[in-house]
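2 protein chains.
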Amino acid sequence: MTASSLSIGIVQCSLGDAREINVARVEGLIREAAGRGAEIILTPELFEGRYFPQTEDERAFDLAAPLDSHPTLGRMQALADELGVVLPISLFERAGQVYYNSVVTIDADGKQLGVYRKSHIPDGPGYEEKFYFRPGDTGFRAWKTRHGIIGVGICWDQWFPEAARSMALQGAEALLYPTAIGSEPEAPDEDSQAAWRRVMVGHAVANAMPVAAANRIGEEAGLTFYGSSFVCDQRGNLCAELGRDDEGVAAASFDRDALRRYRANWGFFRDRRPELYGKLTGADPLD
Amino acid sequence: MTASSLSIGIVQCSLGDAREINVARVEGLIREAAGRGAEIILTPELFEGRYFPQTEDERAFDLAAPLDSHPTLGRMQALADELGVVLPISLFERAGQVYYNSVVTIDADGKQLGVYRKSHIPDGPGYEEKFYFRPGDTGFRAWKTRHGIIGVGICWDQWFPEAARSMALQGAEALLYPTAIGSEPEAPDEDSQAAWRRVMVGHAVANAMPVAAANRIGEEAGLTFYGSSFVCDQRGNLCAELGRDDEGVAAASFDRDALRRYRANWGFFRDRRPELYGKLTGADPLD
Chain A
32 MTASSLSIGI
42 VQCSLGDARE
52 INVARVEGLI
62 REAAGRGAEI
72 ILTPELFEGR
82 YFPQTEDERA
92 FDLAAPLDSH
102 PTLGRMQALA
112 DELGVVLPIS
122 LFERAGQVYY
132 NSVVTIDADG
142 KQLGVYRKSH
152 IPDGPGYEEK
162 FYFRPGDTGF
172 RAWKTRHGII
182 GVGICWDQWF
192 PEAARSMALQ
202 GAEALLYPTA
212 IGSEPEAPDE
222 DSQAAWRRVM
232 VGHAVANAMP
242 VAAANRIGEE
252 AGLTFYGSSF
262 VCDQRGNLCA
272 ELGRDDEGVA
282 AASFDRDALR
292 RYRANWGFFR
302 DRRPELYGKL
312 TGADPLD
Chain B
32 MTASSLSIGI
42 VQCSLGDARE
52 INVARVEGLI
62 REAAGRGAEI
72 ILTPELFEGR
82 YFPQTEDERA
92 FDLAAPLDSH
102 PTLGRMQALA
112 DELGVVLPIS
122 LFERAGQVYY
132 NSVVTIDADG
142 KQLGVYRKSH
152 IPDGPGYEEK
162 FYFRPGDTGF
172 RAWKTRHGII
182 GVGICWDQWF
192 PEAARSMALQ
202 GAEALLYPTA
212 IGSEPEAPDE
222 DSQAAWRRVM
232 VGHAVANAMP
242 VAAANRIGEE
252 AGLTFYGSSF
262 VCDQRGNLCA
272 ELGRDDEGVA
282 AASFDRDALR
292 RYRANWGFFR
302 DRRPELYGKL
312 TGADPLD
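Sequences listed follow chains A and B, in order. Position one of the first sequence corresponds to residue 32 (the working numbering), numbered consecutively onward. Position one of the second sequence corresponds to residue 32 (the working numbering), numbered consecutively onward.
It should be emphasised that the hints constitute simulated quantities derived from the structure, not laboratory data. Because the structure is a prediction, the values reported are computed rather than measured. The reader is advised that the hints may include incorrect statements.
As the list claims (entries may be wrong) - Keeping only pairs whose Cα atoms sit at most 30 Å apart, straight-line, the calculated BS3-like set for lysine-lysine is:
id, chain 1, residue 1, chain 2, residue 2
1, B, K142, B, K175
2, A, K161, B, K310
3, A, K310, B, K310
Claimed, not checked - Simulated DEER-style distance windows between Cβ atoms:
id, chain 1, residue 1, chain 2, residue 2, range
4, B, R165, A, D112, 51 to 57 Å
5, A, N296, B, E87, 16 to 22 Å
6, B, G115, A, D154, 38 to 44 Å
Think of the CB as a built atom: it goes at the ideal place given N, C-alpha and C, for glycine as much as any other residue.
Kindly generate the complete structure, drawing on both the sequences and the hints.
Here you go:
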């Protein structure tokens, strides 16, 4: 790897109730991805435990912790420093009276670059996130890491072109999404896997940059998480992927200079018309 | 077809220098699509002639005309009225001292609903549109036609998630894009066909609505237009498509009530965060 490469690894695994087992499993897979040369390593959403938002249960709030005393963050900072890798870490954050679904991005020296709080909160059968999470107040961010500038959204954010574009406009060279998505318990014939990939592939093409997602696998109380984690390139071609049941890692590497030329050559950022985009920030129509 | 269906037809063909031959060919294909039940029929960008923006030639400005005396518009209005179909018609508009790449959407009774002027103007080898077209000043629109509410962008607009979202937010039930795209004369190994479809499939998923594009085919002065016109559904599944060389029509029909339920059920419009989207309408960063 050189300073001009952008090397993204993805981690996919099943996760259970025991935090220590989950974190050890994820740490092992991060080490494996680093061993393959990945310098920015993406892990699944809320990997410390089961996907608790399946149901609305006040006891689950006890899983949250403030960032300054979070049980997993220090360990991941030490790991990032040891391996020299960038780690966007998804966790359940308590902040005063409220709770956020957050990502702390850790640079390759182990230092925290900052927190992003999930902006778009889903709600539906099996995904009762509005019960737990206050919609994030940080806005979208692009993080200048030692291994490239990355935008990190969280799961449901991945369906929103506005989030992708906001991160791209701040200089992101790739977009990353920790994820927890699977079957629809009350609509067993629905399978959103293809649409889930397509919308992110769309962000890759529209913003002319690689996109990566890391999802969990396995069944949790009747909900089957479908894995299918991937990295695609700036044209939307799949470069690395894992299946619906694979536990493991995958990685893809890109030339940063070639990506910059590609973005400039396509002219999307040259040709945008912000003065015509007022509807995107306006109120909903009355009709 | 019932009042609750949204039935989209697409027309794909080669086009030459002779306006009368092109318009007659397109009219024949519109009749064919209407015969198959299509109620909203999309034709290629600037179908009256060759794709003149391949080169920068002042004589090509003579092809433009004001909307009130445009040589093809009246004929297309009569055709829409006769067949009872909606026709978004792409044309080269002269407006005072300036020139636009425009679409006039004609309702099923032959009346003009209004004009949209292409907002995003490409520029590169073989696609010298900035020489001809002033960037549009109309903003994005959704047209309430007798057969459904449609958003119509024009070609390069199709790469911009902002355009798609703006039309969706105004109530569009489907997004349509007349197109002229093909090979890259100075980069013969480049083939943008897959990325071109992917970015629009992304709009379909992100906005939970069908998307259609109609492109031309054939070679014009070394540039090969790749057809591949399509209609996809709200999940991004291809419902109707034409090949790289097919001259003809294709069509797909959707249940408007089912589409509305799908859009509501997915909650994308419920969960948007306009207060966080300021970057989309802001100035470019200095760094």
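Hints, one by one, checked against the model:
Proposed proximity of K142 of chain B and K175 of chain B is supported: the alpha carbons are some 12 Å apart, at most 30 Å. Note on K161 of chain A and K310 of chain B: the hinted pairing holds, with a Cα-Cα distance of about 25 Å set against a maximum of 30 Å. Proximity of K310 of chain A to K310 of chain B is assessed by CA-CA distance (about 13 Å); at most 30 Å being required, the pair is judged to hold. Against the hinted window of 51 to 57 Å, the Cβ-Cβ separation of R165 of chain B and D112 of chain A comes to about 54 Å, which satisfies the hint.
At about 19 Å, the CB distance of N296 of chain A to E87 of chain B agrees with the hint of 16 to 22 Å. For the hinted restraint 38 to 44 Å between G115 of chain B and D154 of chain A, the CB-CB distance of approximately 42 Å keeps it satisfied.
The structure shown violates none of the earlier numbered hints.
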